[in-house]
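**Student:** Here is what each chain is made of, one letter per residue.
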Amino acid sequence: MRNFEKFLRSRFAAALIAVLVGFAISAIVLAAAGYNPIGSFGALFNGAFGKPKYIANVFIKATPILLTGVSVAFAFKTGLFNIGAEGQYILGSTLATIVGVKLALPMPLQVPLVLAAGILGGAALGAFVGWLKAKFGIHEVITSIMCNWISFYLCNFIVMSDAFHKPNSTSALQVNGSSYTMILGNWKKSEAGKEFLSNIHWLREILLKTDLNYGFIIAIVVAIAASLVLNRTKLGYELRAVGFNRDAARFSGISVERNIILSMLIAGGISGLAGALTITGISPHTITLLAAMESYGFNGMSVAFIAGCAPIGCIPSAILFSSLIYGGMSVQQVMGAPSDIISIMIGTIVFFTALPGVTGMIADAIAKKRKAKEALKEAVKEA
Amino acid sequence: MEASPEYAVQMHGILKTFGAFTALDHVDLDVKKQTVHAILGENGAGKTTLMNILYGLYQADEGDIFMGGEKVNITSPTDAIKHGIGMVHQHFMLVENFTVTENIILGDEVCGAAGVLDMGRARKEVMELVDEYGFDVDPDAKIEDITVGMQQRVEILKALYRGAEVLILDEPTAVLTPQEIDKLIEIMHDLIAKGKTIIIITHKLREIMQSADECSIIRRGVYMGTVNVKESNETELASKMVGRNVNLTVEKTPAHPGETVLSIRDLTVKDDRGIEQVRGLNLDIRAGEIVGIAGIDGNGQQELVDAITNIVKAESGSIKINGQEIVNTTPRTTFLNKIATIPSDRHRWGLVLPFAVSENSVLERHTEDTFGEGIKLDYNKMHDYTTKLIEEFDIRPSGCEDERMSGLSGGNQQKAIIARMVTSSPNLLIAFQPTRGLDVGAIEFVHKTLIAERDRGAAILLISFELDEVMDVSDTIAVIYHGQIAGTFAQGTVDENQLGLLMAGGEAK
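Residue numbers (the numbering used here), protein chains in the order written: chain X, 1 to 383; chain U, 384 to 892.
These are calculated hints, taken from the structure and not from any lab test. Careful, some of the hints might be misleading.
Under the rule of at most 30 Å between Cα atoms (straight-line distance), these lysine-lysine pairs were calculated in the DSSO-like manner [as the list claims (entries may be wrong)]:
no.	chain 1	residue 1	chain 2	residue 2
1	U	Lys623	U	Lys613
2	U	Lys771	X	Lys234
3	U	Lys613	U	Lys587
4	X	Lys368	U	Lys454
5	X	Lys51	X	Lys166
6	U	Lys759	U	Lys635
7	U	Lys507	U	Lys587
8	U	Lys653	U	Lys623
9	U	Lys454	U	Lys507
10	U	Lys764	X	Lys234
11	U	Lys416	X	Lys6
12	X	Lys6	X	Lys371
13	U	Lys696	X	Lys234
14	U	Lys454	X	Lys234
15	X	Lys135	U	Lys759
16	X	Lys135	U	Lys696
17	U	Lys721	U	Lys703
18	U	Lys703	X	Lys135
19	X	Lys371	X	Lys135
20	X	Lys234	X	Lys53
21	X	Lys135	U	Lys721
22	U	Lys525	U	Lys416
23	X	Lys135	U	Lys653
24	U	Lys577	U	Lys465
25	X	Lys188	X	Lys166
26	U	Lys696	U	Lys635
27	U	Lys454	U	Lys577
28	X	Lys234	U	Lys759
29	U	Lys703	U	Lys771
30	U	Lys613	U	Lys415
31	U	Lys587	U	Lys415
32	X	Lys53	X	Lys188
Kindly generate the complete structure, drawing on both the sequences and the hints.
**Tutor:** Put into structure tokens, the structure is as follows:
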């Protein structure tokens with residue numbers, strides 16, 4: 001029982017309960033709309049994990065939101081709300097495309113340079129927002145939202161510019177092939193590769209039918225690195241001190257301004273990397289004319305908050321989120337239920353993770369009952 | 384004790400728990416009519432919780448409340464007011480830019496036909512109250528323009544206006560000058576004579592001796608008994624409150640001052656609203672000397688400390704530490720010049736509450752290689768270092784290295800700050816309200832530490848709003864008024880009346 005109490009007080013319990021409640025409420029909504037909830041959830045699960053190809057796609061789709069999630073979580077742990085992950089992602093993908101189109105170096109040079117361009121774009125945008133906050137005290141949420149739109153239109157401008165526009169399309173030119181980060185990208189298209197894969201069905205499916213790439217591995221490394229920086233370095237210590245108590249940090253000689261800028265720079269860089277990895281890892285390997293925000297940054301916020309803003313926690317959270325989005329498409333196909341149901345489910349989950357006190361309160365109630373029982377037992381013993 | 388009409392308030396068997404924590408364990412309180420009844424206890428003992436239950440802000444888990452022998456059910460402040468209970472909180476609840484009258488009637492407005500506010504009648508009613516109790520308050524003055532003592536009287540009037548028969552005063556003297564405290568005690572006795580009953584929450588023994596008839600003592604949520612104040616003394620009350628014998632007098636040997644460590648010349652500092660708060664201040668402190676600054680809150684103390692610690696920029700002037708100019712540098716420079724500061728608001732300036740105790744103990748020093756080389760921060764070394772501090776300074780609970788700072792009591796949080804500051808062997812130690820909110824046991828510890836640091840050879844700048852503290856601990860007493868030092872005295876050459884006059888802007892006789 002005590003272990004159960006301890007579990008209830010953990011962050012994991014809060015996330016788990018939020019997810020369960022999210023499913024329960026979606027079930028009610030589905031039933032009310034006349035769809036069988038069990039069948040719908042079955043379709044959802046099947047659509048996300050039913051075939052090796054689907055699983056691969058879940059991981060592919062989890063990559064950008066894992067990174068933007070880590071970006072939001074990192075900033076949040078240092079007391080900043082990085083609502084600008086979206087814009088940093090867009091600027092990252094834009095700069096990665098520019099460099100990837102203009103440069104044609106061998107892959108070991110090309111890939112790091114393209115990714116670095118993306119990181120630089122996001123980091124610069126993040127640092128700019130941080131600088132505005134540190135220098136002039138302008139709230140990062142306001143400047144981030146504005147920067148989101150600046151990136152958005154800058155991206156569209158680049159897509160349509162003479163230097164980058166691909167004729168008769170709504171896209172920019174593709175990045176040079178040496179920028180690609182697909183797993184066994186060249187081999188799987190070669191004769192030898194094709195022959196080898198023709199015998200192994202599942203491998204052929206995930207390698208040939210999806211853009212399986214190294215992005216997810218890089219994202220996991222980044223999540224772990226972010227956690228280490230926050231919790232095991234002097235830099236992370238200062239960042240968190242500033243996040244928790246700016247006045248005490250300043251009083252003890254920590255430069256608040258420098259740390260705000262640094263935090264946003266790092267968070268922005270991570271989101272920028274997300275954008276760059278999309279360009280290198282997923283076709284069409286370029287930016288396209290945006291009609292609306294693609295929500296990679298905003299979904300990252302959901303990922304971060306389901307994870308309680310722990311960078312490592314973003315890994316399962318991103319997989320959950322992307323399986324909901326990806327599997328949700330089959331709910332529509334199989335059951336005919338609108339995929340909006342999935343949006344409702346995600347919304348409910350995020351909503352309930354915002355109430356971390358609930359599980360703690362349940363734990364308190366259990367502790368009280370246990371104490372009363374113990375007191376009763378003692379009273380009986382004494383009698 | 385039976386419920387009886389002799390008593391204005393009786394609280395019997397009050398139990399209150401917060402989660403697993405028992406704040407009040409079957410506490411009894413019997414307050415006779417027309418008396419001043421003090422409730423004494425250390426911080427966190429449960430005195431304010433008990434009063435919040437009486438005022439309906441909390442509900443007791445068990446226990447009964449009687450008024451005049453009748454059982455009453457109080458579930459909200461509205462109920463409490465209906466039963467004639469008024470409460471004056473430690474932090475006043477007044478609207479700054481409203482007049483005295485407007486504040487008094489707020490929430491209980493006098494209305495004429497069709498619900499139109501009748502200010503004329505309201506003012507008349509307030510005037511009658513002011514005259515009846517002989518309060519020296521202008522009903523048309525704005526709150527922001529009157530003194531803190533007057534603001535407190537407005538709070539009392541607010542309660543009386545609502546028909547309070549029983550007044551609860553929560554730490555009423557914390558913000559007052561000695562003269563204002565005398566006036567308050569006068570008012571309290573006056574109210575008693577007019578039939579009111581007063582319950583006063585405090586941990587200041589001297590004021591209990593001066594004002595109260597009876598005193599109930601609570602220790603860690605347990606009722607320790609009620610004493611007749613006239614038959615008791617401060618030492619008895621203190622040991623009952625803490626549960627052991629405490630030494631109320633500060634013991635120290637004469638100071639042997641050395642070279643000048645801190646030298647402030649013509650310092651001018653503005654506050655964040657752009658108003659000059661420190662106006663050409665001069666101050667010297669020598670090694671091995673405690674200079675205590677007496678003064679009422681808001682006379683430039685905060686800005687003086689802010690300027691020395693480089694939290695704010697000074698307008699002009701010079702601050703030298705061992706000859707080195709540090710004015711308008713950075714907090715880091717202040718630290719590197721071996722200035723350590725115990726801040727007045729430890730939660731705001733001194734601690735990162737969500738951090739572990741060990742993380743807090745290396746603030747300022749986390750960059751040193753002792754706690755990890757390069758970019759790495761070595762949590763094991765931090766832990767070991769903190770263990771030493773916990774043992775040396777008796778920070779409780781022992782073994783709290785990895786617990787969050789927010790889980791420690793106020794006194795232990797203060798010990799953690801002092802441990803951090805003292806272990807850096809500062810040349811200048813600034814102690815700004817170092818005993819604020821602490822109980823007598825912890826106060827004794829703080830004072831001993833300050834004197835030990837002095838004897839080690841540090842220069843100590845003690846700034847306190849508690850005149851007793853300044854007078855007892857300092858070797859030299861300086862009075863700050865209106866951003867300037869209004870007078871400097873060696874310990875023992877000045878009494879509190881003279882200091883009180885200087886603190887209020889008068890001339891010393």
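**Student:** Is it true that the CA of lysine 53 of chain X sits at most 30 Å from the CA of lysine 188 of chain X?
**Tutor:** 15 Å, holds
**Student:** Is the hinted pair lysine 234 of chain X and lysine 759 of chain U satisfied, with a Cα-Cα distance of at most 30 Å?
**Tutor:** 6 Å, holds
**Student:** Is it true that the CA of lysine 525 of chain U sits at most 30 Å from the CA of lysine 416 of chain U?
**Tutor:** 34 Å, violated
**Student:** Just to be careful, I want the Cα atoms of lysine 623 of chain U and lysine 613 of chain U compared with a cutoff of 30 Å; is the pair within it?
**Tutor:** 16 Å, holds
**Student:** With a cut-off of 30 Å on the C-alpha distance, tell me whether lysine 135 of chain X and lysine 696 of chain U pass.
**Tutor:** With a Cα-Cα distance of about 16 Å, the restraint between lysine 135 of chain X and lysine 696 of chain U holds, given a limit of 30 Å.
**Student:** Is lysine 454 of chain U within 30 Å of lysine 577 of chain U, Cα to Cα?
**Tutor:** 25 Å, holds
**Student:** Compare the distance between the alpha carbons of lysine 587 of chain U and lysine 415 of chain U with 30 Å, and conclude whether the hinted pair is satisfied.
**Tutor:** Cα-Cα ~22 Å, so holds.
**Student:** Just to be careful, I want the Cα atoms of lysine 135 of chain X and lysine 653 of chain U compared with a cutoff of 30 Å; is the pair within it?
**Tutor:** 20 Å, holds
**Student:** Hinted pair, alpha-carbon criterion (30 Å max): lysine 703 of chain U, lysine 135 of chain X. Please report holds or violated.
**Tutor:** Holds: lysine 703 of chain U and lysine 135 of chain X sit about 29 Å apart, inside 30 Å.
**Student:** For the pair supplied as a hint, lysine 6 of chain X and lysine 371 of chain X, is the alpha-carbon distance within the 30 Å limit?
**Tutor:** Distance of about 15 Å is within 30 Å: holds.
**Student:** Decide if the proposed pair is consistent with the structure: lysine 764 of chain U and lysine 234 of chain X, CA atoms, cutoff 30 Å inclusive.
**Tutor:** 13 Å, holds
**Student:** Quick one, are lysine 368 of chain X and lysine 454 of chain U close enough, alpha carbons at most 30 Å?
**Tutor:** Holds: lysine 368 of chain X and lysine 454 of chain U sit about 29 Å apart, inside 30 Å.
This entry does not satisfy hints 5, 6, 7, 8, 9, 11, 14, 19, 20, 22, 26, 29, going by the numbered hints stated previously.
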